[in-house]
Each structure stands twice: as C-alpha cells, then as structure tokens.
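*Asks:* Listed here are the chains, written in short residue letters.
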Amino acid sequence: MDILSLFILVPIISITVLLFTKNLRQARITAMIGSIIQLSMAINLVFSYFKERAVNDSLMVFTKDIVWFAPFNIHYSVGVDGISVALLLLTSIVVLAGVFISWKMFDLPKEFFISLIVLSIGVYGFFISMDLFTMFVFFEIAVIPMYLLIGIWGSGPREFSAMKLTLMLMGASAILLIGILGIYFNSDADGGALTFNILEIAKVNIPIEAQKLFFPLTFVGFAVIGALFPFHTWSPDGHASAPTAVSMLHAGVLMKLGGYGVFRVAMYLLPEGAKEWSWIFIILSVIGVVYGAFSAIKQTDLKYINAYSSVSHLGLVLFALLMLNKTAWNGAIIQSLSHGFMTALFFALIGMIYERTHTRNIAELGGLLKVIPFISTIYVIAGLASLGLPGFSGFVAEMNIFVGAFQNDSLFVRIATILSVTVIVITAVYILRVVGIMLMGPVKNVAYLKLERVTWFEKLGILLLLVPIVGIGVAPLWISNMILESLQPFIQGLL
Amino acid sequence: MDFSNFLLMRFEVILLAVILLLIIGEIFITQAKKDAVIHLAIFLFGIHTAVGFFNLDDGSLFGGMYRTNTLIQCFKSILNVGVLILLLQSGDWIQEKIMKHGRGTEFFVLLFSSLFGMYFMISSGDFLMFYLGLELSTLPVAGLAAYETTKRISSEAGIKLILSAAMASGTALMGISLLYATSGSIYFSDVITAISPDSLTILGFVLFFSGLAFKISLVPFHFWTADVYEGSPIAIASYLSVISKGAAVFILMILLFTVLKPLIGIWEKLLYIIAIATMFIGNLFALRQQNMKRFLAYSSIAQAGFILLGLIIGNQLGAATVIYFVLIYIFSNLAAFGVVQAISLQTGKELMSDYEGLYRTNPNLSLIMMLALFSLAGIPPVAGFFGKFFLFTAAASEGYYFLVFLAVVNVTISLYYYLLVVRAMFLRKSNNAIPYFKNKIYMRLGLLITVIGILILGIYSPLYEYIYELSINLQ
Chain A
44 MDILSLFILV PIISITVLLF TKNLRQARIT AMIGSIIQLS MAINLVFSYF
94 KERAVNDSLM VFTKDIVWFA PFNIHYSVGV DGISVALLLL TSIVVLAGVF
144 ISWKMFDLPK EFFISLIVLS IGVYGFFISM DLFTMFVFFE IAVIPMYLLI
194 GIWGSGPREF SAMKLTLMLM GASAILLIGI LGIYFNSDAD GGALTFNILE
244 IAKVNIPIEA QKLFFPLTFV GFAVIGALFP FHTWSPDGHA SAPTAVSMLH
294 AGVLMKLGGY GVFRVAMYLL PEGAKEWSWI FIILSVIGVV YGAFSAIKQT
344 DLKYINAYSS VSHLGLVLFA LLMLNKTAWN GAIIQSLSHG FMTALFFALI
394 GMIYERTHTR NIAELGGLLK VIPFISTIYV IAGLASLGLP GFSGFVAEMN
444 IFVGAFQNDS LFVRIATILS VTVIVITAVY ILRVVGIMLM GPVKNVAYLK
494 LERVTWFEKL GILLLLVPIV GIGVAPLWIS NMILESLQPF IQGLL
Chain B
80 MDFSNFLLMR FEVILLAVIL LLIIGEIFIT QAKKDAVIHL AIFLFGIHTA
130 VGFFNLDDGS LFGGMYRTNT LIQCFKSILN VGVLILLLQS GDWIQEKIMK
180 HGRGTEFFVL LFSSLFGMYF MISSGDFLMF YLGLELSTLP VAGLAAYETT
230 KRISSEAGIK LILSAAMASG TALMGISLLY ATSGSIYFSD VITAISPDSL
280 TILGFVLFFS GLAFKISLVP FHFWTADVYE GSPIAIASYL SVISKGAAVF
330 ILMILLFTVL KPLIGIWEKL LYIIAIATMF IGNLFALRQQ NMKRFLAYSS
380 IAQAGFILLG LIIGNQLGAA TVIYFVLIYI FSNLAAFGVV QAISLQTGKE
430 LMSDYEGLYR TNPNLSLIMM LALFSLAGIP PVAGFFGKFF LFTAAASEGY
480 YFLVFLAVVN VTISLYYYLL VVRAMFLRKS NNAIPYFKNK IYMRLGLLIT
530 VIGILILGIY SPLYEYIYEL SINLQ
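Chains as they are written, first to last, in the numbering used here: chain A, 44 to 538; chain B, 80 to 554.
These aren't lab readings, by the way, just hints derived from the structure by calculation.
Below, in silico cross-link-like pairs of lysine to aspartate or glutamate (DMTMM-like), each with a Cα-Cα straight-line distance of 20 Å or less:
#1 K508(B) <-> E202(A)
#2 K508(B) <-> E154(A)
#3 K508(B) <-> D150(A)
Partial selection, computed: residues in chain A whose CB lies under 8 Å from chain B:
#4 P114
#5 E183
#6 E202
#7 T209
#8 L210
#9 A217
#10 L220
#11 I221
From chain A, some residues computed to sit far from chain B (all C-beta separations above 10 Å):
#12 F90
#13 I323
#14 G514
Glycine included, every Cβ here is placed at the ideal spot set by N, Cα and C.
Sequences and hints are given; from them, build the entire structure.
*Replies:* Written out as structure tokens, the structure is:
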C-alpha cells in the first residue's frame with residue numbers, strides 16, 4: 044500500500060471500527076485515534092516529500108496508478124505535489140481539532156463521527172487525486188455528509204440551511220460534471236487516447252473553442268464551493284446552522300476544494316479559457332472580497348460575521364489565482380492554508396463561547412475577557428491573524444497576493460487590486476468591532492461571571508490550530524519553498 | 080426436428096417447468112402447510128436463477144422467430160435476479176395477507192407467466208413473437224395489480240393497467256402492421272435491409288414506439304404509472320417499475336440498435352425530446368408527492384428519462400451504459416421498494432410523514448433506504464453514481480452536451496426530493512415514529528442482497544467491462 048492511499052484507507056478503517064462502538068466515550072476515542080494517525084501520516088508526508096523532492100524531479104511524487112474502468116480509461120491515480128501536501132496537512136490538523144471540539148457530542152455520537160470522517164475521506168481523496176473522475180467522486184463524497192451533519196446536529200433553521208447548502212453544491216458539481224466531460228472528450232485532440240489523467244491532459248493542446256466553452260463551467264463548478272460571489276449564499280446559512288466542528292471543517296477545509304480545483308483543473312488544463320474569461324471572474328471575486336467584508340461589518344451573529352469574512356478571504360484566493368502570477372499564486376495557496384487554520388480556530392472559539400453563554404449575538408455579550416480569559420485572548424490573536432498582522436500567517440498570504448497583483452500592469456487589474464486592497468482596512472474594522480463589543484467593557488450579564496473553565500480537550504483543539512498560524516507567520520519560507528517549486532508546471536502552462 | 084435445439088430455450092423451458100411444478104405442487108400441499116408454496120416457489124426460482132448464469136450457445140429457432148445469444152442471456156439473468164429479490168421481499172407479505180385467502184400459488188404462476196412473456200419478448204426474432212411476448216408479459220400483471228381484492232383501490236389499479244395496456248399494445252400492433260406494409264416482412268433480419276425512412280415507415284415506427292414507451296412509462300405515456308403503483312400491492316408496483324421497465328428497455332434497445340438502426344435520424348430526435356420531457360415531468364411531479372408509492376412512481380419515470388440518454392447515441396458505449404444503469408437501477412429501486420414494503424406490512428403506513436424519526440427506531444431500514452435513495456440520486460460512492468456518470472459520458476461522447484446539461488439540472492432537482500425522505504427519516508424527531516420491528520428472514524435476505532448490490536456494483540469495475548464487451552453484439 045502506497046503512503047497516499049493510506050490517507051483513504053485509514054479513515055475507512057476508523058469508520059468500520061466506529062460502527063461497532065456503543066457510546067460517546069468509545070466513539071470519540073476511536074475517532075481521535077484515527078485522526079491522530081492521519082495527522083502523523085500527514086506530518087510524515089511533509090518530511091518524506093522534502094526527501095523525495097531532493098531526488099525526484101517529476102511533477103507529482105508518490106504516484107500510484109491502477110486501471111479502474113478500462114473502457115473509459117478511468118484510473119485510480121494518486122500523487123502529490125507541494126500544494127497538495129500542504130493542504131493535506133491542513134486537513135488532518137483541522138479534522139483532529141474538530142474531533143476534540145466535538146468531545147461532548149451526546150446526540151448520536153457514532154453517526155456524527157462517521158459522517159465527519161466520511162467528509163474527511165472526500166477531502167483527502169480530492170487532494171491526492173490525479174484523475175478527474177476520481178477527483179469528482181471524492182468531491183461529491185465530501186459534500187453529501189454535510190447534509191446530515193448540519194441537518195441532524197445543527198441549530199436554528201438547520202433543515203433549510205442543510206438543504207440549501209447541499210443543493211447548491213451538488214448543483215455546482217453537476218455543472219462541473221459537464222466541464223469535466225468536455226475536457227475528457229477533448230483530451231484526444233493531439234491524437235492520443237481519451238483520458239481523465241490531469242498530467243496527461245495538461246500536455247494536450249485542447250482546441251481553443253472547447254477551452255472557451257468549458258472553462259466557465261469548470262471554474263464556476265469549483266468556485267461555488269470556494270464561495271464565489273454571487274454563489275456564496277449557501278455558505279453563511281450553512282455555517283450559522285452547523286455544529287461547531289462542522290463549521291470548522293466546512294470553512295477550514297471544504298471550501299479549499301474550490302480554490303484547489305479551480306487552480307488544478309480549470310486553469311491548469313484550460314489555460315486559454317482562463318485568459319479569455321479571467322476578467323469576469325476577477326470582477327466577481329473582487330465584488331466577493333469587498334462585499335463579504337462589508338457584510339461582516341453589519342452582522343451581529345458571530346457565525347455570520349465569520350462566514351462573511353470567509354467569503355471575503357476566499358474571494359481573495361480566487362482573485363490571486365486569476366492574477367496569473369507566481370507571487371500571487373503563492374499567496375493564494377498560503378491564504379488558503381492560513382484561512383483554513385484561522386477560520387477553524389474562530390469557529391472553535393465561537394462554539395465554546397456559545398456553549399457557555401448560549402448566545403452568538405454580540406450585542407448580548409460583553410466583557411468576556413474578564414470571565415473567560417483564555418478563550419478571549421485566543422480570539423484576539425485569531426483576529427489579529429485574520430486582519431493580517433505581521434508575525435501571523437495572514438500577513439504572509441496577503442503580502443504575497445498584493446505584491447503579486449501589483450506586478451500586473453494592465454489598468455483593469457490595477458483597479459481591481461486597489462479595490463481589493465481596501466479589504467485590509469475593512470477587515471480590521473469588523474474584527475476590532477467584535478473584539479471591542481464582545482471582549483472589552485463591563486460584563487453584561489451576571490450569569491457570565493460563573494462560566495465554565497476551558498477543558499483540556501478544548502485547549503488541545505485550539506493549540507493544534509494556533510501552532511500552524513504562528514508557524515507560517517514566523518517561518519513562512521519552508522512552506523513557500525514547497526509551494527513555489529510546485530508552481531513550475533503552472534507557470535509553464537499558463538504564463 | 081432435433082429435440083436438442085430446445086436446449087437453446089433453457090430459460091423458458093425451466094421457467095415453464097417451475098410454473099407447472101408449482102401448480103402440481105399445490106395439489107399435494109395440505110391446507111395446514113400451505114405456506115410451503117412460498118418456500119417452494121422461492122427455492123425453485125432460486126435454482127432457475129442459478130442455472131441461468133451458466134453459459135448457453137448462441138442460436139435461433141423456429142426459422143428465426145426465436146434467437147438467443149450471450150447478451151440476451153445476460154438480460155434474462157438480470158431480470159431473474161430482480162425477480163428473485165422481489166420474491167424474497169414479498170414472501171412475508173404473501174404469507175400474511177394473501178395466504179389467508181388461499182391464493183398464493185396463483186400469485187407466483189401469474190408472476191412467472193409474465194416473466195415468461197418477457198423472455199420471449201427479449202428473445203424475439205420477428206414482430207409476431209415480440210407482440211406475443213409483450214402481451215403475455217402485460218396481461219398477468221393486470222391480474223396481479225388487482226390482487227388485493229379486499230382493497231377497492233387495488234381493483235381500480237388492475238382495470239387502469241389493463242385498459243391502458245390494451246390501448247398501448249393496440250397502438251404497437253398498428254405500428255407493426257405499418258412497418259410490415261412498408262418492409263414486406265415481419266422478420267427482424269429482413270426488416271433491417273428493407274426499412275427506409277419514408278413517411279409511412281416513420282408513422283409505423285412512432286406508433287410502435289409508443290407501445291413500448293408505455294411500458295417504460297415515458298412521457299407522455301406515463302399517466303397510468305402513479306395511479307397503478309399506488310393501488311397495486313407493493314410487490315407489483317415494484318415489479319412494474321423494475322422488471323417490467325427493465326425488460327422493455329432491453330427490447331427497445333435491441334430493436335433501436337439493430338432493426339431500426341436505419342431510422343436513427345428519426346429516433347434520435349424523438350428520444351431527445353422525450354428524454355427532456357420525461358426527466359422534467361417525472362422530477363417535477365415527484366417533488367410534492369406524499370405517498371411513498373406515488374413518490375417512487377414519479378422517481379422511476381424520471382429515471383427512465385435518464386436511460387434515454389444512453390439509448391440516444393445508438394452504439395456499443397450507449398448499450399453498455401444502459402444495461403449497466405438498468406442493472407444498478409434494479410438493485411436501488413428494489414431496495415427502496417423493499418423498505419416501503421417492510422414498513423407497510425408491519426404498520427400499514429405508506430406516507431412520507433410516517434417515516435419521521437425512523438432512524439432512531441429502525442436504524443437499519445433507514446440506512447438501507449438512504450443508500451437506495453442516494454443510489455437513485457447518483458451520489459458516490461454507491462452504484463447509482465457510476466450508472467449515471469457513464470450514461471452522461473455516453474451522451475456527451477456524441478456531443479449531446481445540452482441534453483447532459485438538462486439531465487444534470489434534473490439530477491439536482493431529484494436530489495431535493497430524495498433528500499426529503501432522508502430528512503424525514505434522519506433529521507426529524509417524532510413521538511409517534513414507527514416502533515422498532517424485526518423483519519423475517521426472507522425480507523432481510525432480500526434487503527441484504529440489494530444493499531450488497533448497491534455498494535459493490537459501482538466500485539467493482541470488471542462487471543462494467545464484462546457488460547461492455549457483451550454489448551458489441553448490438554452493433
């Protein structure tokens with residue numbers, strides 16, 4: 044068994060064991076052990092990747108290829124480059140943190156952890172796939188458990204949010220399906236066989252007409268899950284209704300599928316289409332960036348604030364990818380990672396606050412710094428990371444994105460860049476506003492004086508997410524080296 | 080005549096033997112032990128199904144009226160497996176509801192006769208044999224639909240089915256006559272060479288097609304479906320939606336891809352329009368159904384629309400994807416109907432609202448239902464996804480991107496109503512949820528086979544490759 048397929052096999056084993064668990068205690072221990080193994084595998088993968096990269100010069104390493112459906116030339120084909128390694132690490136950390144945060148999931152614990160792990164299978168599989176078909180399968184596997192996770196364990200209008208989220212994402216994947224089929228049936232343009240393999244398609248010169256036709260479908264199909272304006276509306280509702288761990292996974296990991304897919308499939312395989320259509324998607328992503336940030340200012344529900352901030356931050360990822368520029372791409376990937384850790388941390392903290400105060404309305408909260416200092420301090424740190432303070436991952440990401448974007452000398456892109464740079468200020472407004480109202484000032488409710496202390500598993504979950512944020516912020520070089528090397532094929536294909 | 084020729088008709092001969100054995104067996108089974116008929120029927124049919132998997136020579140009989148080859152054998156085996164699962168799932172129902180009136184044997188005899196007709200329909204080498212098979216496969220089902228004589232709605236279903244079926248087969252017969260008039264023969268092998276797209280032939284083809292479209296319940300020949308499904312016993316609704324539809328799809332495919340191939344310019348346009356209408360009408364009507372049987376009826380109409388996406392391209396790829404899809408559809412739909420039947424048998428409840436909170440009382444049934452619905456909706460990793468994906472790939476291979484686009488829109492619509500059932504079972508809590516009950520052995524076996532099918536058929540690729548190789552026979 045190669046080390047990548049283990050990323051799918053281990054969760055399957057965890058699920059099998061989970062089926063036989065009887066209560067919350069057994070279920071969470073099983074889920075934790077499974078996720079710890081995943082995390083150790085991911086860390087090991089980072090080191091093995093550096094070792095392998097030193098001797099192996101191919102685009103993807105640790106590849107494995109098994110013929111699956113021969114008549115369609117569908118393969119089970121896996122492999123990683125620096126980008127996927129980084130995202131796999133992100134996933135395994137967020138999943139483990141999610142398990143810790145769900146330590147007290149009393150309602151149907153077994154089913155909860157199974158759904159959570161099924162979701163993670165989809166994400167892992169998506170990041171390691173080199174075959175469009177396999178990738179699409181894992182994409183849908185990642186989406187569908189969200190319905191049950193939000194619908195069963197959610198709060199508020201959970202049925203509505205779950206249905207909206209599922210239908211929008213599955214609708215997007217339906218559009219994506221046409222894009223993928225279009226790519227597949229044009230992959231023989233140079234006289235070769237039809238193939239789903241990304242690396243082989245990248246060598247083919249797909250006819251420009253086909254590229255122009257299928258690029259928007261593929262792009263939108265992926266970008267919906269990356270919260271592209273105006274297809275982002277599933278995200279705030281979904282976040283607000285989802286239980287804490289699901290919000291974490293959803294914002295931290297699931298939404299990254301969008302940016303990754305856009306980059307790896309839509310732009311990499313259809314470069315001419317990307318050049319043709321990029322202007323409209325640049326406009327949409329800039330609107331998303333600014334609109335998301337402004338919406339976050341107006342919201343009073345903590346989860347909505349974060350959801351809209353996610354729309355804004357992920358809009359920035361799409362914006363950076365469309366800049367067709369090495370530095371901006373590097374920034375986009377780091378922004379994906381940084382946002383993944385940061386929002387997951389935010390949602391974990393919001394979950395803890397909600398569990399203690401039973402409200403997420405910032406107007407009803409106040410002076411939390413005095414009563415739950417640990418959570419509040421971390422919230423401030425996460426906030427500072429989010430608004431891009433140097434020393435945290437957010438700074439590295441945004442710096443790269445904007446420096447890269449300014450290297451474009453067309454007027455259109457300049458204006459778009461200037462518009463999206465304003466988001467730095469707006470982000471500061473909504474972050475500091477929450478910090479001011481919620482954490483500072485007098486304690487608004489006497490009941491808050493007797494809030495429960497932070498438990499060990501909550502601290503563990505928080506620490507897991509905090510370490511990489513600071514890690515990337517202080518020492519960004521190792522991760523950006525890993526990413527920059529892997530950008531080479533994209534540079535050759537697209538620039 | 081060499082008697083060994085009849086070995087080619089192994090399926091028909093054995094099934095006939097099973098029918099006769101059942102009739103004779105009933106005489107010797109005492110009134111006290113009459114349940115033994117059920118065990119006997121399932122046992123005999125199980126043997127028949129098993130025998131069907133052994134390879135049979137290709138060949139034809141009666142001067143070409145009857146023919147068989149590996150592909151046709153594969154069709155018959157697929158139908159056999161479906162009927163076997165259906166028998167397992169309905170064994171308890173027959174025992175509890177039908178045996179009281181002492182009418183168990185007739186049920187099996189009628190069911191098997193209908194299947195017997197389907198064998199001939201699929202194996203037919205000329206239009207006469209085809210027509211006989213079509214009639215034989217439909218008429219007994221009308222009797223079965225009216226089988227619950229204590230229920231008025233059941234008799235209504237029987238009458239509706241037989242009237243619409245008579246109309247449809249009359250139309251088909253008219254079409255056959257016109258085709259005969261223009262081509263001068265009823266033998267498929269002669270028709271292929273003689274047929275040309277002149278206006279009388281096209282008229283004949285359209286009339287003929289509507290007869291089969293009725294059996295597949297394509298729009299606009301679908302009006303009988305929901306009423307008949309709702310009224311008939313669940314076993315029969317299930318039979319109509321799975322076996323009957325599957326057989327009709329198979330023969331339609333054989334005819335379109337071989338005999339009527341010269342008319343491809345006509346029927347691909349026809350199928351294009353009907354596919355769109357069927358998908359949209361099936362899905363949109365399914366949205367607001369409350370009765371599970373009606374719900375599954377409209378869902379099965381929509382599924383038939385998807386099948387046309389594979390038929391429309393008329394080549395080996397299309398044939399393989401259609402057969403594969405039908406196979407998967409049989410398993411998925413039987414699983415869904417099986418759960419509905421289990422619940423209906425225990426509690427008499429058939430409404431979607433009765434399913435609220437089912438997961439907390441009957442987790443296994445709910446999980447089976449969820450798997451079945453996900454398979455029908457086309458969610459990976461269950462089999463339905465692969466079936467649908469390949470159908471769409473087949474349609475896209477000939478450039479029908481717009482049709483595929485409409486199809487994926489429909490997949491999203493269908494996901495909504497499939498999720499409504501999941502919502503009722505998993506998301507809702509209810510104080511008067513259906514209490515826990517344990518199914519008997521036959522039902523459990525029947526559901527288990529479908530679940531294994533749903534989980535394995537998609538991922539296990541050699542099966543598709545086998546079907547793909549067989550489909551070369553249709554070129």
